[in-house]
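Chemist: Spelled out, the chains give:
4 protein chains.
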Amino acid sequence: MQHLGAQLRRVEPGLVEIWLPYSDKVTQQQDGFHGGAMGAVADIAGGYAGLTIAPEGMEVVTAEYKINFLGSYQGGALRAIGRVVKPGKRLIVCTAEVTHVDDHGKEGPCALMQQTLVPVPKTY
Amino acid sequence: MQHLGAQLRRVEPGLVEIWLPYSDKVTQQQDGFHGGAMGAVADIAGGYAGLTIAPEGMEVVTAEYKINFLGSYQGGALRAIGRVVKPGKRLIVCTAEVTHVDDHGKEGPCALMQQTLVPVPKTY
Amino acid sequence: MQHLGAQLRRVEPGLVEIWLPYSDKVTQQQDGFHGGAMGAVADIAGGYAGLTIAPEGMEVVTAEYKINFLGSYQGGALRAIGRVVKPGKRLIVCTAEVTHVDDHGKEGPCALMQQTLVPVPKTY
Amino acid sequence: MQHLGAQLRRVEPGLVEIWLPYSDKVTQQQDGFHGGAMGAVADIAGGYAGLTIAPEGMEVVTAEYKINFLGSYQGGALRAIGRVVKPGKRLIVCTAEVTHVDDHGKEGPCALMQQTLVPVPKTY
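Residue numbers (my numbering), protein chains in the order written: chain Y, 1 to 124; chain E, 1 to 124; chain F, 1 to 124; chain B, 1 to 124.
Derived from the structure by calculation, the hints contain no laboratory data. Any given hint could turn out to be false.
Copies of one chain are not kept apart here, so a pair can be met inside one copy or by any two copies together.
[Claimed, not checked] With a straight-line cut-off of 30 Å between C-alpha atoms, the simulated BS3-like cross-links for lysine-lysine are:
1) Lys106 to Lys25
2) Lys86 to Lys25
3) Lys89 to Lys106
With the rest of the complex left out, here is chain Y (with noise of 0.2 Å):
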């Protein structure tokens, strides 16, 4: 995320925000946000809140997610928050809403992502 040049603004028990500004590696040939810059995006913010709420010594990866497009914008960011639903020993439930957020605040609907999380012992 740090190559595409993503911030991590807020951390809570369950909740993560994370912001990704416009350039020229997350865009498609339209000029557009890339779809797979935010999949990958609303992947992060989700896995994120569940690595928030994931027992000590474990960490989370992705078994599947869901995502619709709301809409497609060019410049500005793409704020996406990562929210758990509900937590397991077995599976995390998550959701990440992703927003568009142009160059004077304005707000548009972006991606919508529901998503599975297995915890795992950290291999690292």
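Given chain Y, work out where chains E, F and B should sit, using these hints.
Modeler: Frame of chain Y; chains E, F and B shown alone:
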């Protein structure tokens, strides 16, 4: 995708094959292929498959997709095969199967995606 | 849904609430609410929510949905709240939150759904 | 499923085939197969496929599924083929393909599902 080093290797009506070689652009902290890279290559393989059957003058946009991650791998390359399951005027439903292929040609399941595309008039 | 005993309890623009009381029509072998019943009530709550904002003369059909099951319960009732996340001419994106409510009013998370609807001309 | 008239027609390791004949128990207001019935038969076909490869003493529960609806049909029957895509100790990933078969044997695509199961110890 060029940015990530992806190659389009096969295009048939309703089927597309894309390869993504291992590099530091598509890896994560534990040095496996990043989920975001798997998601992106799956989304693109499905999208291109849909494009092969879209009417002249139309392109496709991804409305949504769902992806299961089946294994993590280092080295080698990812092969993503996108297939049209159901063509339609309003919606096109596709799948993408992502397989890891190591340097000796050994295959392992990597990800499975199910996707909904919307045909829209070309804007360029 | 009448067949299963479901009740429409709240209808607002973009929001619908449906209750499904426990009965032998919606249970499985271990005597909890059946996944099929949870899926059906979620799909219908989302679909009705979409219908509240569909243009005159249009109905909606479900293109796809994704549902996570969060808990299993016996007795009481299921409350499904369907919400429109993103209205649109071509697609409507909705969520449904299914909560178990026991006979003393205690709530527990049951299922979470994310859904894509297509507005189509009424055929009846 | 017995309640709905479903029949288990084929069981192999990792594959299950279920048929659901048309009846007033599985239809909706416009007299086609109901989405809830398609979702239920797909979920069950995938779940049974997973069960065929679950270790002795274990059953499976559905963690989540995603289903695309591909066509609507009257009369005839639905054939759902559930397949294990990836067995695992923690998670089993399956698909189910639902096809409509009319009274003359003509087939049409009905629904496609992708599903995550969790093996759990039998409780009965």
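Chemist: Find the hints from earlier in the document that the structure breaks and name them by number, from lowest to highest.
Modeler: Result: no hint breaks.
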